[in-house]
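Novice: Sequences and hints are given; from them, build the entire structure.
4 protein chains.
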Amino acid sequence: MTSVTAEMRALSGEALGSAFLVAGVVGSGIMAQRLTHDIALALLCNTIATGAVLAVLIVIFAPISRAHFNPAVTLGFALRGEFAWTRVPAYIVAQIAGGIGGTILAHAMFAMPLVGHGIAARTGSSQWLSEGVATFGLMLTILGCAQRRLETTAACVGLYIAAAYWFTASTSFANPAVTIARALTPSFSGIRPEDVPPFILAQLAGAALASWTGARLFVKSSGV
Amino acid sequence: MTSVTAEMRALSGEALGSAFLVAGVVGSGIMAQRLTHDIALALLCNTIATGAVLAVLIVIFAPISRAHFNPAVTLGFALRGEFAWTRVPAYIVAQIAGGIGGTILAHAMFAMPLVGHGIAARTGSSQWLSEGVATFGLMLTILGCAQRRLETTAACVGLYIAAAYWFTASTSFANPAVTIARALTPSFSGIRPEDVPPFILAQLAGAALASWTGARLFVKSSGV
Amino acid sequence: MTSVTAEMRALSGEALGSAFLVAGVVGSGIMAQRLTHDIALALLCNTIATGAVLAVLIVIFAPISRAHFNPAVTLGFALRGEFAWTRVPAYIVAQIAGGIGGTILAHAMFAMPLVGHGIAARTGSSQWLSEGVATFGLMLTILGCAQRRLETTAACVGLYIAAAYWFTASTSFANPAVTIARALTPSFSGIRPEDVPPFILAQLAGAALASWTGARLFVKSSGV
Amino acid sequence: MTSVTAEMRALSGEALGSAFLVAGVVGSGIMAQRLTHDIALALLCNTIATGAVLAVLIVIFAPISRAHFNPAVTLGFALRGEFAWTRVPAYIVAQIAGGIGGTILAHAMFAMPLVGHGIAARTGSSQWLSEGVATFGLMLTILGCAQRRLETTAACVGLYIAAAYWFTASTSFANPAVTIARALTPSFSGIRPEDVPPFILAQLAGAALASWTGARLFVKSSGV
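Protein chains in written order, with the numbering used here: chain A, 1 to 224; chain B, 1 to 224; chain C, 1 to 224; chain D, 1 to 224.
In short, the hints are calculated from the structure, not lab data. Everything numeric in this text was worked out from a predicted model, so none of it was measured. Treat the hints with caution; some may be incorrect.
Label-pair distances were calculated between CB atoms; the ranges are [unchecked claim]:
no., chain 1, residue 1, chain 2, residue 2, range
1, C, Glu82, D, Thr5, 48 to 54 Å
2, C, Ile39, D, Leu201, 35 to 41 Å
3, A, Ile39, B, Ala121, 25 to 31 Å
4, D, Gly81, A, Arg80, 37 to 43 Å
5, C, Ile39, A, Val4, 54 to 60 Å
6, B, Glu82, A, Thr213, 43 to 49 Å
7, C, Thr213, B, Ala205, 35 to 41 Å
8, D, Pro113, B, Val219, 54 to 60 Å
9, B, Val219, D, Glu7, 45 to 51 Å
10, A, Trp85, D, Glu7, 33 to 39 Å
11, A, Ser125, D, Leu79, 40 to 46 Å
Residues from chain A that keep clear of chain D, each with C-beta distances beyond 12 Å, as calculated [unchecked claim]:
no., residue
12, Val4
13, Arg9
14, Gly81
15, Thr86
16, Ile92
17, Gly101
18, Met112
19, Leu204
20, Ala205
Note that beta-carbon positions come from the ideal geometry of N, C-alpha and C, so glycine has one too.
Specialist: Structure representation (structure tokens):
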């Protein structure tokens, strides 16, 4: 019974964390879009809010759910044998449901229709390469922090995503659950629903490649 | 006698910390408003100053007063049995008095009439939902950091508030004492006095819900 | 002889650190002023560069010189009996000389005449109150971090100054050596030479008040 | 055989880290340039992305390669007898090859021709002084953090570079491999190929001077 309770807490953590993450991304995008006409400034505000809330969510939820909030990360750890495959489906469901809840919550806070339809076209090989690179780097960051304190991991993931918003052409979604949730908003951080599937494929490919690379790079060295 | 002295130091810490927090919020809003016409940029500057000073104040005052600076947080800990109810009234008085002092200090530094009247309308269910969500997240962040070092708590609270400035429609007041103090300024970060009571109700509801949620989520787990 | 060598290293550290601090403040002000017409944006860039370089300088120089870089801080610690009065004069000379060197270095890097004349008027009781509050808060931050790790102090001082750039009307010079050095630049971060003396008086008053306050607030408590 | 494997991992780390660093610099410059006409804002976004990704890369690659990503740093440590001269050539090749790969990757993500030609003129004694100062400060930061935790070094290097983007007239390339890689992009962060050699000379001079200075400043003191 204890493990059932612990798993319920883990799934609640994934859902609540994913909800706050997506509410952070979508909400800050709406706020920024309303307050300025300079797109770089809007993206900068969106970036800072996203990186900040992501780092906080990792610190507070990692002890109960590992703070994945991201099916690509959950699958990446399962591939490496560090997360039970039997736990994967419920984790992904919690992440997607939480993410969608986050979009709805952001819309409610900004007095918009609760569910909308993404209108930003994000397609083409450059965008897909961007998502692959973004998720590769995210997973490599997580793996590279495996031997460090939780605070270090949280700071690095927040900083990495903040940077990747800018150095990838797709603004680094890097997360299938967040991508699905962002297809439901017509605002700044949205994506057309038809552009979602190739984004997710690119994200999964990036995460898988990072799992493979990390296994070769981050072995415990005998001293450099 | 020692405990009387310790309690006086605690109340001084709450008052001084609340004063610097509100001076930080109000002062940086006045400065930003004077220097640019871009509202997003003004809010970004306001955000950075607020998050930065809040993190610093938590580090330096937590050892003497726990660094609540916030009646919703004080009441939330009292509800959880982690703060004596008998200490609550003086704490709240110190927080409100300090906060009002912070508004006066900011006005003095910027050569404005020492007390004014908020003119920004912040009302309606979306705003109230925003305040509830903002305070829920703030209290959950504090509870989720309970087992971590003070520096982690300070960084997470500062980052959370910086993010919440953007992902909530109300710019995340999330603090009844700060809300009252901000009703006394006609500047960028003000609020109409008549909009204060529902803000405070929403904040208290959010903090109470977070106390309940945290008690269920953040139990010491037997390992995930 | 060892202590002579150690004191020479300490003075070199104060001079080099003060030079980099002022070069950081003045240089980033020149860069920002050249790249934008939005004053808030220019101040934001100035803020970020100043806070960042200050935190770094404290980390690297604290072990050899305590990383004061500031006569008000050196005098504050002497008042508290935590820094030998005999060391004070050389420290202040090193800080001022280093600061002036920093202005010259910034001008050289930006191809300007090496020494100029500040043209920004910064006078009046609101400005002086701002400098008093800014330096009070800076000294209180340093004292409040006394029991913490060096990294915490460095981060808090950098964050505090970043915030105080915005919540004080004077942009928080908070340092007599830096104030003198900034009187020698006609650029964004300059100050008229005739406005320097009252700034310094206000800074010293703020630091003295903080020393007095800190002695009462930050005693080792018997537990709150 | 183990050491061969460890050295291959180290070189892979240098190459991959340098690639991500340059992709971060160049990619964020392209993104910012596309989204705004305000040059200060573009540089601010470029700054934040660069500092953030650099800090992350140091955390994750330092355990396998020391995370130099910079021939001036590698040579500086060799000069100090803290890095074997026999390892230097391969390190520099990996850093340059990785850096060029980063430019190509950024161009691919933003749908540009994979290799271009820098058009920004960056020449003259002020620019060279800037690069000397920038690299001197970078190397001094690294040496000053030698006794501290990896996270401190990573944060200080990221913060230092973020500040130096603003307080030097050259925006602080401070890295010969990155300079070469940036000569291959016509975008925001590029440099004319003919301006590269004096930049590299100034960077090496700054690093050498910092090695000399650090050896005198950062000796283990007998207590200050």
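Novice: Tell me, in ascending order, the numbers of any earlier hints that this structure violates.
Specialist: Those not satisfied: there are none.
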